[in-house]
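2 protein chains.
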Amino acid sequence: MKELWIDLQAKSKTALYEQLYAAIRRNITDGKLSPGEKLPSTRFMAKNLGVSRSTVALAYDQLTAEGYLAPRQGSGYYVCDISELYQLSREHAGTEKQRKGEQENRKEEAASPACEIRFSPYEIDCRKFPYAAWYRVNKELMPREDSELLLSGESKGMEKLRSQISRYLYRARGVECRPEQIIVGAGNEYLLMLLAQILGTGKSVLMEEYTYVQAYATFRNMGCHMLAAHTDSDGICMEDVHMSGADIVYVMPAHQFPLGIVMPLKRRLELLKWAAASGERYIVEDDHDSEFRYKGKPIPALWGNDRAGHVVYLGTFSKSITPSLRISYMVLPERLLERYEKNCGFYACTVSRFGQELLYRFLEEGHFERHLNRMRNHYKQKQETLIALLKRENWVQSVSGDNAGLHVLVEVKTAYSEEELCRRAAGSGVEIHGLAEYCIGNPPKKAYPSVLLGYGNLNEAEMRRGLEILRRLIAGGGTFGK
Amino acid sequence: MKELWIDLQAKSKTALYEQLYAAIRRNITDGKLSPGEKLPSTRFMAKNLGVSRSTVALAYDQLTAEGYLAPRQGSGYYVCDISELYQLSREHAGTEKQRKGEQENRKEEAASPACEIRFSPYEIDCRKFPYAAWYRVNKELMPREDSELLLSGESKGMEKLRSQISRYLYRARGVECRPEQIIVGAGNEYLLMLLAQILGTGKSVLMEEYTYVQAYATFRNMGCHMLAAHTDSDGICMEDVHMSGADIVYVMPAHQFPLGIVMPLKRRLELLKWAAASGERYIVEDDHDSEFRYKGKPIPALWGNDRAGHVVYLGTFSKSITPSLRISYMVLPERLLERYEKNCGFYACTVSRFGQELLYRFLEEGHFERHLNRMRNHYKQKQETLIALLKRENWVQSVSGDNAGLHVLVEVKTAYSEEELCRRAAGSGVEIHGLAEYCIGNPPKKAYPSVLLGYGNLNEAEMRRGLEILRRLIAGGGTFGK
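Chains R and A supply the protein sequences, listed in that same order.
Mapping of the first sequence onto this note's numbering: residues 1 to 482, in sequence order.
Mapping of the second sequence onto this note's numbering: residues 1 to 482, in sequence order.
If we strip away everything but chain R, and leave its shape as in the complex, we get (with noise of 0.2 Å):
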C-alpha cells in the first residue's frame, strides 16, 4: 500500500469516517494520489487502520459522491481528475482578493454617524408603538402545536386576513372591494414587481416630477419606460398626462408625497376618465399616509370613484403599524385580476404565516384602528408643535402640505443650496432632506431650497434643538439671495 498521510485520532469529536474522508481528500488534492491511481479494498483499508469497513466504506462514498473516486464495477476505487478545479484557484484567487480589498474601502467610506436628531419623513413615533396589545396578541398566537402556521397557504395572504383589510378599506377609505381583489406582500416595492408582471412588459409609467423615487426605481428595474409629469397647485398636469402617451399614471392622491398636495375631486375625474378612454390604461393610487389626515375626516380613495376598473390601488401598514412589518396591500380591479393569477399566481405570499396571523389578530380584535386613531390625535398635536416653532424661525418662508401625513414641506431662506444645507445640518448631527432627493423630471428653478421635515419620531424638545442648529446653520452660511 502506497503511503498516505493517514492519520486518525480516536478520541477526537470528528467522527473516524471524517477524519478518514478529510485525510485521503487532502491526499488527492496534494497530489499524493494521482488521478487514475486505485485505492487500497475497504478490507485492506480497515484492517491497516484498525477501524472497521463500515468506516472506511463511509468515507469512500462521501468522496465518491463529491467525484473524488470513481468506483470500477468489481475492481474498486479510483482516483479522479480535479486538476481543473486547481487551475480555476490560482487563476482567480488574485484578482478576488484585490476587489474584496476595494469592496472593504467603499464600504468604510459610506459608513457614517447616524444623525441624533431626526427629521426623517420615514420615522414613526416609536414610543407610542402598542407594546402591551402587540405582546398580548403575539403571545396567544403561539399555542405549541398550531401546525395551520406551518402550511404556506395562500398566494394572496391568508383570506381572513384580505377580509380584514377589505372591511377596514370600506370603512376608512371608501373601497369597495371583495378580498379576492387583495394581494398581501412584503413592501410596497415587491407588490410594484408583481403589478409590473402583470401588466406585461414595454408599459410607460408617468409619475409626478417630485415623487416616491423607490417606487420611480423599481419601475426602472423592471423594464418599464419611465417618463416624468409636471405638477400644479391640485397635482399632476392633466396636459402631461394626455401628451405622455402614458399606460400607467402613479399618483398619490390623498397627500402627494413629498409635496403634500391633496388632490381635488375635479382633477380626480379627469384622471379617471383619461383612463376610462382605453382598456389599458391604470392608475396606480399610492395611499399611504391617507390615515393620518388632521383636517376633517379622510378623504375617500380615488378607487371609489372608479368604476371602469382602471384603478390599483396600494395601501401599507408601514406608517400606521411600523415600517419594519413590511407588509402592504394591493387591490387589484377584476380586470388585473384574472392576469395575476395566470402570471403570478404562482409566488407564495411572501409576508410569513407569523406575520400574517399577527396582523390580522390585531385587525380582528380592534386594536388597530384604536391605535389608529390614538396616532392620528398624537401626530396631529405633533404637527401643530412643530408649525408653531417653525413660525417663530426667520429663516423659514412657507410651511405646506400640512393637511396629512408626518411630514411637512418648509420653504428656506438661506444661502446654501438645498444641497449644502442638508449636508452641514447632517455634520451637525440633524437629518432633513431636500425637496430636490426626490425629483425625478426637471422642474422649473424654485425660488427658495425646500426641505422636508418630518415629525413622526421627535417630541417637542428634540424639534427645539433641532431647530435651534438649523437656525445657527443657515445664520452662519450668510444672507440669503445677496
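Note that these hints are calculated values from the structure, not bench results.
Glycine is no exception: its CB is placed at the ideal position from the N, C-alpha and C atoms.
Check each hint, because a few of them may be wrong.
[Unchecked claim] Computed Cβ-Cβ distance ranges for the label pairs, DEER-style:
no. : chain 1 : residue 1 : chain 2 : residue 2 : range
1   : A       : Glu437    : R       : Gly200    : 21 to 27 Å
2   : R       : Lys380    : A       : Gly74     : 26 to 32 Å
3   : A       : Lys11     : R       : Gln397    : 44 to 50 Å
4   : A       : Glu364    : R       : Glu437    : 32 to 38 Å
5   : A       : Glu437    : R       : Thr14     : 40 to 46 Å
6   : R       : Gln214    : A       : Asp7      : 46 to 52 Å
7   : A       : Gly74     : R       : Gly245    : 39 to 45 Å
8   : R       : Glu437    : A       : Gly427    : 17 to 23 Å
9   : R       : Ala114    : A       : Pro71     : 41 to 47 Å
10  : A       : Ala447    : R       : Glu365    : 54 to 60 Å
11  : R       : Ser12     : A       : Glu364    : 23 to 29 Å
12  : R       : Cys439    : A       : Glu364    : 39 to 45 Å
13  : R       : Gly245    : A       : Glu437    : 38 to 44 Å
14  : A       : Glu140    : R       : Arg53     : 44 to 50 Å
Given chain R, work out where chain A should sit, using these hints.
Leaving out everything else, chain A in the frame of chain R:
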C-alpha cells in the same frame, strides 16, 4: 336659503359635522345643488341648523378638500361640477358586474377538496416542528419597549443575522463568504426577481428540462430568455450548456429537483470552467434540500469550488424550518455586489424585523442545528420506511433520487398516463405529482410514467394507506404496456 334635505340628529353617534357633510354631499350628488350654485355662509347655515359655526366650517372644509365645493376668496363656497363622476359610473357598471360574476364562477370551479394523504414534495413534518424552542425564543423577543425592532434596518437584512448565516454556510456547506455578500429576502422567487434586476435585461437563462418551475416562471416573468437543457445521469448536459449561448445556468447540484441527481465533482468543474471563460456568465446554485442528505456527510456546495466569482448561491429555511417562514438568502459573488448596491440597494428587506430577529436567535442559540440534526435522522427513517414499502409494491418499476431531500422519484408500471394517474389518485384522496409537471423542455420519451412521492409530512400508517389506494387504482387501470 334654498331648501336642502338636511336633518341632523343631535343624539347620533356620528359627529354633527359629519352628518352635515354627508347631507350636503348627498344634495350635490342628487343634483339638488347644481354646479356653480353658492352655499349659504357658515354663519347663516349654523344659525339655521342650530349648530356652531365651527361645525359648519369643518363640513365645508371636508367638502372642499374632496372637491365637492370650491371656495372663492371673500365670497363663499360654490358647488363644483361633478357630473363626470356619475357618467363614468353608469357607463361601466354593467360590464363590471358581469365580470364579477364570471370571476366567481371560475373560483368555484377551481376549488377542489384537499387530499387526505399528500405525497407532497413541498411539505415538512409539522408534527416535529420545534414548537417549544420557537415559542420560547419568540416570547423573549418581545420585550415591551424594544424600539430597535420598529426600525426598517438594512436592505440586505440585519448584519447579525447574515453573520450567523455565513457561519452556518461555512460549517455546513463549505461556502466561504462575508456577511456583506448575503442578501436575506422573502423567498427564493423574490431573490430571483432581485437577481434578474442585478443582471440586467435581455439575459438568457438555461435550466434543466425537468426543474423547479417556479424559478423558471420567475425568470420568464422578469423578461429573461428561457432555454432548456437535457440531463444525463450526472445532471445538466455540458454539450447543451456550451451550445445554448446562455448567460446564466441554473442548477441544483446537491439534489436536483425533481430528478434527485447529485452532480459529481467532474460535472461541477466543467460548469465552473464554462462560467469562468467569460466575465458575464453566472451559475445559479439552488442548494435547497442540501441539509437533508442521508448518505455520509453533506456534499459541499459548488460555490466552494468557484474561485472566479461566477456562482450565485441560493439557500432557504423553507425545508429546514418551515416554508411559511418565508426566509431565503442569496450569496452574491463580489462582482455582482456592487451592482446590487447600485440597482437594488434601495429596496427595504422583505423579511419583517420581527422575523429576522426570531430567526437570528434561533440560529444563535443553536436551536437550528439541533433541529436539523434531529430532522435529518427523522427524515432518513421516513425515507427508509417508504422505500421498504415501495419495494413490496408490484407496480413500482424503480425508485431513485434517494440520496437526499424529502421525496423520491418512482417509475410506475401502469396503463394510465402520468396525468391520468395523478388525477385519479387525487380523486381518491391521494396527492401525487407527475414528473411532467416539472418539465420545461422536450425530454426523450420515458419508458414508464414517473411520479414524485414526497414523505415529509407523512407517517408510516399514512404511507401504507396511500400506497394501498394507489395499488388498487393502478390494478383497476389494466396491465402496463398492453
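Verification of the hints:
1. A:Glu437 x R:Gly200: 21 to 27 Å: holds (25 Å)
2. R:Lys380 x A:Gly74: 26 to 32 Å: 28 Å Cβ-Cβ, so the 26 to 32 Å window holds.
3. A:Lys11 x R:Gln397: 44 to 50 Å: holds (48 Å)
4. A:Glu364 x R:Glu437: 32 to 38 Å: Holds, at about 37 Å.
5. A:Glu437 x R:Thr14: 40 to 46 Å: Holds, since A:Glu437 and R:Thr14 (Cβ atoms, about 42 Å apart) stay within the stated range.
6. R:Gln214 x A:Asp7: 46 to 52 Å: Distance hint for R:Gln214, A:Asp7 holds at roughly 47 Å.
7. A:Gly74 x R:Gly245: 39 to 45 Å: holds (42 Å)
8. R:Glu437 x A:Gly427: 17 to 23 Å: violated (59 Å)
9. R:Ala114 x A:Pro71: 41 to 47 Å: holds (44 Å)
10. A:Ala447 x R:Glu365: 54 to 60 Å: 58 Å Cβ-Cβ, so the 54 to 60 Å window holds.
11. R:Ser12 x A:Glu364: 23 to 29 Å: holds (26 Å)
12. R:Cys439 x A:Glu364: 39 to 45 Å: Since the Cβ atoms of R:Cys439 and A:Glu364 sit about 43 Å apart, the hinted range of 39 to 45 Å holds.
13. R:Gly245 x A:Glu437: 38 to 44 Å: Roughly 42 Å apart at Cβ, these two residues keep to the hinted range, so it holds.
14. A:Glu140 x R:Arg53: 44 to 50 Å: Taking Cβ atoms as reference, A:Glu140 and R:Arg53 lie about 48 Å apart, which means the hint holds.
In summary, the one numbered hint that this structure violates is 8.
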